[in-house]
Amino acid sequence: MFQLRKSISALMLAMVASAALADVTLLNSSYDVARDVYKDYNPMFQKYWKAKSGESIELKQSHGGSSKQVRAVADGLEADVVTMNQANDIEFLAEKGLVAKDWTKKFPNSASPYTSAMVFIVRKGNPKGIKDWNDLAATGTQIIIPHPKNTGNGRNTYLSAWAWALKQPGGNDKTAQEFLGKLLKNAPLFAAGGRDATTTFMQRKMGDALITFESEAEMIAKEFGKGDFEVVYPSLTMQTEFPVALVEKVVDKKGTRKQAQAYLEYLWSKEGQENAAQNYLRPRDAEILKKYASFFPPLKTFTVDEVFGGANKAFAIHFKDGGSFDQIYVQK
Amino acid sequence: MAAKTHRVLPGFGLALGYTLVYLSLLILLPLGGLILKASELGFGQIMDIALGERSLAAFRVTFGASFLAAAVNAFFGLIVAWILVRYPFPGKRFVDALVDLPFALPTAVAGITLATLYAGNGWLGQFIEPLGFKVAYTPWGIVVALTFITLPFVVRTLQPVIEDIETEVEEAAASLGASRWQTFVKVIFPAIFPALLTGFALAFARAVGEYGSVIFIAGNLPLISEITPLLIISKLEQYDVLGATALAVVMLGLSFLLLLSVNLLQWWTANRHKNSEPLEVAAAKASGGAQ
Amino acid sequence: MKSTRATQEPVWVRYTLLTIGLSFLFFFLGLPLLAVFVEALAQGVPVYIEALKEPETASAIWLTVGIALAVLPFNIVFGVAAAWAIAKFEFKGKSLLITLIDLPFAVSPVVAGLIFILLFGSQGTFGEWLSEHDIKIIFAVPGMILATLFITFPFIARELIPLMQAQGKDEEEAAVSLGASGWQMFIRVTLPNIKWGLLYGVILSNARAMGEFGAVSVVSGHIRGETNTLPLHVEILYNEYNAIGAFAAASILALLALVTLVAKTIVEWRMKKETEMLNTVLAPEKT
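Protein chains in written order, with our numbering: chain H, 1 to 332; chain L, 333 to 623; chain X, 624 to 910.
Simulated from the structure, these hints should not be mistaken for laboratory data. Predicted model only: the values in this text are computed from it and were never measured. Some clues are possibly wrong.
[Stated by the list, open to error] Straight line, CA to CA, 30 Å or less: simulated DSS-like cross-link-like pairs of lysine-lysine:
(1) L/K466 to H/K124
(2) L/K424 to H/K128
(3) H/K249 to H/K68
[Said to hold, decoys possible] Not everything, but these chain L residues come out facing chain H in the computed CB check (under 7 Å):
(4) N552
(5) E569
(6) Q570
(7) Y571
[What the hints assert, rightly or not] Cβ-Cβ distance ranges computed for the label pairs, FRET-style:
(8) L/Y419 to X/L657: 22 to 28 Å
(9) X/K896 to L/I556: 42 to 48 Å
(10) L/G585 to X/E673: 48 to 54 Å
(11) L/F465 to H/D132: 34 to 40 Å
(12) X/V634 to L/N453: 46 to 52 Å
A virtual CB, placed ideally from N, CA and C, is assigned to each residue, including glycine.
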């Protein structure tokens, strides 16, 4: 009985927890591996805001797959801010009228406070001599990637390879699609997500290369040790953005616009930028980037806007049903 | 029988009324909403989605693997339920408790763990793969995951029914000269068959909808190892809620038809068994075969 | 001896069945479970304990248990009522009714979550009304309870129906004809007869309620320390490269499922005592 009562009270506690002690409560809806970033960032902001305005602020976090999170916000999850890893997800909220139409202009750097890039993780000593995208498409090489259609990580990989193929002599959409066909043939499976791909590569020892975010390499080292793998930087790869936005409808309803705005702006402060760098995300601030130069080797990147004319367009052409990815499989 | 004209037992109206109201509120209303949503698309478009090459392949994989998994569980589940009820062995209580675990373990954990076990360097994969048989990242992996996920159904529906069989009937059959095998086939099996079918149907139904565990072990290659729930997720990733509901409704319709036929079959066998063969008669019949 | 020949299988059959049954369980159940614990304890017991001490894990455990308990009474009442109507009476459309009860199993968990979003989400049927009255259903505990109710809906009914069908209605009819009221008949005759089936149903639906991920994930909103159940927490920990924490949390779910075993043992033990007492009372008359 004691247990019963305790859990019922826990349940009730959970229900009323929103009426907590702080003056203001903000909910940040974020992608799933962002925890380390915001775990350190939130207390920093709390301190900063207390000193600035005297207000104590409670910060709640929600983490999950990027598009899943965004769907929840569209369906009524009252998040004050969204901090995602795919621009087209925020674009969706803008279409629904929850986020300002010109959300990319509300903050510097297209509203993305830090970036990362798609890199290759290969086995120690790089036994297959993998240097660039064409090596991944070579016969006899196996690559491990998450599902290119259903996961952000997989989509970034797909677009990176596509952009690289476009830049080759005589490259056009047709050759790029052929190249992708060859590349995807080397994938013995499509992992359920970024983390699953890592487990498959590191723990189950499948494949010769894993393609993932630069920032993930450090998390891999944390879990599996540094000695087992090497990072390879291809000649051209995608600069992945981590766009942020205010959820206008929610901040107006809750009256938290001021605080939410400050919360996101603070991401561009020295402290915020340094925190990103410490989590192996490339800061926008040139000074901080220089300070952490050892983490971030120089890299030739492209943005989705440059090559594909925007995240939404890229998504529609390549990943919608019947798009270029589906054509590779079904038009055989 | 008299029961049909006037009912001796009380509570029919109350029990059925409550059942219908609760069922309508919690299940039929939401499912109706789903169907209504999908109907925004129109029949033609729904069919286009359902009959696309990838959808068809996914349906084949989903229903095929689910059927296999349910069949595996029906066979082994019967044996497991039997030994758990009838035979004493050390550690029985512990084994009995383990049977429920596939439900309690989050499906993702089950999928990750099974993939690790059956991968080329896993505890099981290292022995199986050299034999040329790959499980992880093939449709067989889906069967394995679904077998794990639905394992409790058959065992748990059979257990109370086997416990309920009175040994007197078996003794009667034996005293009339039936062999053990005859007793099993003519007396025991007919008594537990409806429950076995129920277990099979439930396992099958659950397997068809399963997503969380399968995606970790299936490999998810289009046309080869993609399941229908994955296609639904894929539509949601595209913010295509309508397309997702369309696929969901088609799946629901197929499952409904399959379940209905199993339940009709079950009702039919149960009735035949009950009306024409009281256990004593069955016992006599079983012995009749022996004489 | 003739009777043992008939009520027991030959020794070789018994051992064959035991071997087949137990090896099946070992490969399909034992090994995966062992693997979960091996992963959870990969860095030793202290790290395991440490992983479970995290406040977010603790709050997820209580939320999970709370939801499972909240769902239980609904499922018991429905299960018994539905099984009573279906197993003890004849009426038209019975197979259809049973199939409708089965249906929630066939609904993919993600879709099960989605249907509640379609009803109660801000773009959904009742969304506007709910937000006007400031009632939160989805992305809050009520929505999670609803989704869990949906997922576990058939268990108890489906466990009881075949059992009650096999038992027939002679005993209840006898009780009623001897003048028992409906309630007395239920408590004295029906309940003792179905207790094991009911218990199995409760155990199964409990396990499923605690382990459910897909449906709950869609309606929870994933707010840490607030609407995060244990299975959702497991996923997040795993994605954050905290495998120990993830598998430790999963092992807790396995252990929670085992708690029901204790309940079963206690019930069994008490029943045994009761029958023993009855036997000693009745013994002189019998011999």
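>> Tell me the hint numbers this structure goes against, listed in increasing order.
In response: 2, 9, 12
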